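Since the structure of chain A is provided, determine the placement of chain B on it from the hints.
Those protein sequence lines, which keep their order, are chains A and B.
Position one of the first sequence corresponds to residue 0 (numbering that gives the first Met the number 0), numbered consecutively onward.
Position one of the second sequence corresponds to residue 0 (numbering that gives the first Met the number 0), numbered consecutively onward.
Hints may be right or wrong, so weigh each one.
Derived pair list, reagent style BS3-like, types lysine-lysine, alpha-carbon separation capped at 27 Å [to be verified]:
#, chain 1, residue 1, chain 2, residue 2
1, A, K186, B, K61
2, B, K61, A, K183
3, B, K11, A, K129
For the record, the hints were derived by calculation from the structure and aren't laboratory data.
Here the structure is a predicted model, which is why all the values come from computation and not from measurement.
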Amino acid sequence: MKGSEAIIESLKAAGVDVVFGLPGGMVIPLYDALFDSDLKHYLVRHEQGAAHMADGYARATGKVGVCIATSGPGATNLVTGIANAYMDSTPMVAITGQARSDLIGTDAFQEADITGITEPIVKHSYLIKKTEDIPRVFREAFYIASTGRPGPVLIDIPSDIQLADIDYKPAGKPDLPGYKPTLKGHKKQIRAAAKAIAAAERPVLYAGGGIITAGAEKELMAIAKLMKIPVTTTLMGLGGFPENNDLSLGMLGMHGTGYANYAVTHCDLLIGVGARFDDRVTGKLATFARQAKKIHIDMDPAEISKNVAIDIPIVGDARDVLAGIHAELKTMKREPKKTALWLEQVITWKKKHPLHYKDEKGAIMPQYVIEEINRITRSDAILCTDVGQHQMWSALFYSHIKPRHWVSSGGLGTMGFGFPAAIGAKVGRPDKVVIDVAGDGSFQMNIQELATAVCYDIPVIVCILNNGFLGMVRQWQELFWNKRYSETVISCQPDFAAVAEAYGALGMTITGKKDVGDAIRTAIKSKRPAVLDFHVKAEENVFPMVPAGKSIDEMIGGHKS
Amino acid sequence: MKHTLSVLVENKPGVLARVAGLFARRGFNINSLAVGITEDPDISRMTITVDAEEHPIEQVTKQLHKLINVIKITDLDPEKTVARELALIKVKSDAGTRAEVMQLAEIFRARILDVSKKTLTIEITGTYEKIDALEQLLAPHGVTEIVRTGRIAIERGEK
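Isolated chain A, as found in the complex:
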């Protein structure tokens, strides 16, 4: 068979049934093979959309997302999506065409050194030089992308390699002498962690995206329940611990809840699981959880003590390690009332500093839209977002209770991510209501994917919190730059509902609070791609907020007046 057919066979062998992409000269052979295959291909309108769709698909399903682009500009259009997947540890395989082997290095038409360009933002990459390497490279790529700390892997394939003949044999087990992720936690360290937990009087569990990657929600809950430990999650960890549980503190950090930030500041033991002590979480490092002993459980040894000195490090799969700690704790003598005072303190903080916003007559408050989405979907939708104010309101005012129901660009902070990611999520989970909360600024960064959603009849609902601003930057300008709104006013806006209709989607403009719920219900019932343009209060801010460089207990807007 041909190399291109071997690619299809290799994809099938990896369990792939869905790919997102856009053809071009250097992947015509691959697309020709796709034409006859039973792989489902979604044609995007911009390659960045393909990468984000693969990302959203991966996050919602736990499978590896796959995207395809041609060489040169097709490949470089994937770059933002690959960087986004890298920062959030999403398993992805990106396939790019390359100029013919004999032309590489000559600045041939549509030649770009994509393995070089993406080198800092992939877990690994390949430039295939021999057709017979195809099965092995694909086998390795999927293995690397999905194991250990997941991440994107890029495979660059010259067009002649796709055309050459190959005697296809499925690849055997990957042989990668330099790649051996540690799955099992060190027994002694697990015991030390259990001892520290049993001894703690003011413990806090701090869980990140690693909880969801590892599928460790039950193990996390078991420890929290057994030892009565409050749990806060990062943005990436939302859904890893149900927020309707009494022990939940919601999200911590720059826009975290007051009670989460106070609890972390005053705890005597901080147990970080699958989280990376990101600067948006820790605020000023010198004062972050300064009284606390710190346990850090992570798959990636390089994350341990990278930002914060750790007392008990445990490298391994979060599920395995937490199960081990739980088993140890059960054998220990426990005083169930040990954390009682601490929990009382946490409840006091919760009462004193609840999440809140001021309702204004005649305006739709953005937080209210999120609350309505939460009520109508009974916290069961897959919620996707871009980056900015709408993202933080979605993180705070929606009740995240299930894993893989929150798809948001965390590490890279990519505007334009949410909508294509939502399409990918809906492709992966057609049984779910999938809602993309967008900003009026960010939605226009990948608005063209409306065509993809309509063309394949993917009923994703976009809820634009339209405030006529690049809102988060405007908020910073308001608070720290003397209200000088330099280039954050986006007064020249399209009629989003009309744009949606022009693409063949359902479009609605909502200007009154009483219409918010009906619009969401109508969109869900329609089972069509829909764009709901909510005209919300323009200068509303996200609170609480920790100003950059401050300690996380130095929040502004964290007190209900």
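Just chain B now, with coordinates in the frame of chain A:
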């Protein structure tokens, strides 16, 4: 503090770029980097010297480990390591000074590789410090060109 990292990598295209790129990205300055094949043709060894305090060297070795093609990293203990560097030094020298320069070379057990009317080219092998010392002694004569390989190092003993 200067560290010498001995890094075993798969002998595949692009590996050097990945390793060097990682150092650049993480803000580490490479003092020298020497690469060569090992007794196993599928594996190369990189000897990398970096200036780093204890904490960041741990971070850089961990980050290096994340590269799929990196098999093993050893932060060599200077006490238990022999290290060498090779340098080729072209120094100005005419009939009047030739004997003196050759004598210097001899003291350092360096070899004369090439002689011209106005220059001598010297090959020297040794520690970083030894090469520096010869360089300084030759400087008054006028060194026109120096090529140094960077450090290669191996652990003492049977290992």
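Consistency of the hints with the structure:
no. : hint             : verdict
1   : A:K186 <-> B:K61 : holds (21 Å)
2   : B:K61 <-> A:K183 : holds (18 Å)
3   : B:K11 <-> A:K129 : holds (14 Å)
Violated hints: none; the structure is consistent with every hint.
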